[in-house]
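Read top to bottom, the protein sequences are chains A and B. Heads up: the first sequence begins at 526 in my numbering, then just goes up one per residue. Heads up: the second sequence begins at 4 in my numbering, then just goes up one per residue.
None of these hints come from the bench; they were simulated from the model. For each residue, glycine too, the CB sits at the ideal point set by N, CA and C. A portion of the hints provided could be inaccurate.
[Claimed, not checked] Each computed BS3-like pair below joins lysine-lysine, with the alpha-carbon atoms no more than 27 angstroms apart:
#: 1; chain 1: A; residue 1: 582; chain 2: B; residue 2: 4
#: 2; chain 1: B; residue 1: 71; chain 2: B; residue 2: 4
#: 3; chain 1: A; residue 1: 608; chain 2: B; residue 2: 71
[To be verified] Label-pair distances were calculated between CB atoms; the ranges are:
#: 4; chain 1: A; residue 1: 528; chain 2: B; residue 2: 53; range: 24 to 30 angstroms
#: 5; chain 1: A; residue 1: 540; chain 2: B; residue 2: 78; range: 47 to 53 angstroms
#: 6; chain 1: B; residue 1: 16; chain 2: A; residue 2: 579; range: 43 to 49 angstroms
Each chain, letter by letter, is given below.
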Amino acid sequence: DGGITQSPKYLFRKEGQNVTLSCEQNLNHDAMYWYRQDPGQGLRLIYYSQIVNDFQKGDIAEGYSVSREKKESFPLTVTSAQKNPTAFYLCASSPSRLAGATQVNEQFFGPGTRLTVL
Amino acid sequence: KNEVEQSPQNLTAQEGEFITINCSYSVGISALHWLQQHPGGGIVSLFMLSSGKKKHGRLIATINIQEKHSSLHITASHPRDSAVYICAVGDFGNEKLTFGTGTRLTIIP
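Hey, can you work out the whole structure from these sequences and the hints?
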């Protein structure tokens, strides 16, 4: 079945350690996104990538890093520089619009990873 | 930057009731999305609309572009509809979404 997978579902790390969250999609989508969700707040965009080997910072990129070496994969690293890393992290993908196209694309979400830093 | 507000924040209703959740935004958009998040955390896209009205089963979404307002309706609500419903708006020219804080819906049998 086509979809987005995130692993693991729950992740615990000690303060000061870097941790990498996995996101894989087999939908052949060009664009991929990482969001963070905190209680009482809307999802906030961390990083996004519209094509392989290219990515842009979102609204809250500080303390995070990403790579996009393959179309299917968009891993997120939470570094020790992120002051409040405990959160629920969601990955999403969408078909990317061609330049000049007006069609808006739906985003498809993964199941999420709940990260707790102790 | 677009500001997205949802109301109510929490809604509890009896099974069978007609449900309305509202979303307003501050700046013109390319499209509005309604999403459903279940207790496990996964998010499912319900609707994406840029004008008028869409219907899927017992769910209906409407949008008024002039008033910058959208509503999500659930007819004949059922306990399995209990979830957080999230409104998100897309900016012109890119794929970025701005999200509301969600409406937690609880349907009591």
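Results for each hint:
{"no.": "1", "hint": "A:582 with B:4", "result": "holds, 16 angstroms"}
{"no.": "2", "hint": "B:71 with B:4", "result": "holds, 14 angstroms"}
{"no.": "3", "hint": "A:608 with B:71", "result": "violated, 36 angstroms"}
{"no.": "4", "hint": "A:528 with B:53: 24 to 30 angstroms", "result": "holds, 25 angstroms"}
{"no.": "5", "hint": "A:540 with B:78: 47 to 53 angstroms", "result": "holds, 48 angstroms"}
{"no.": "6", "hint": "B:16 with A:579: 43 to 49 angstroms", "result": "holds, 46 angstroms"}
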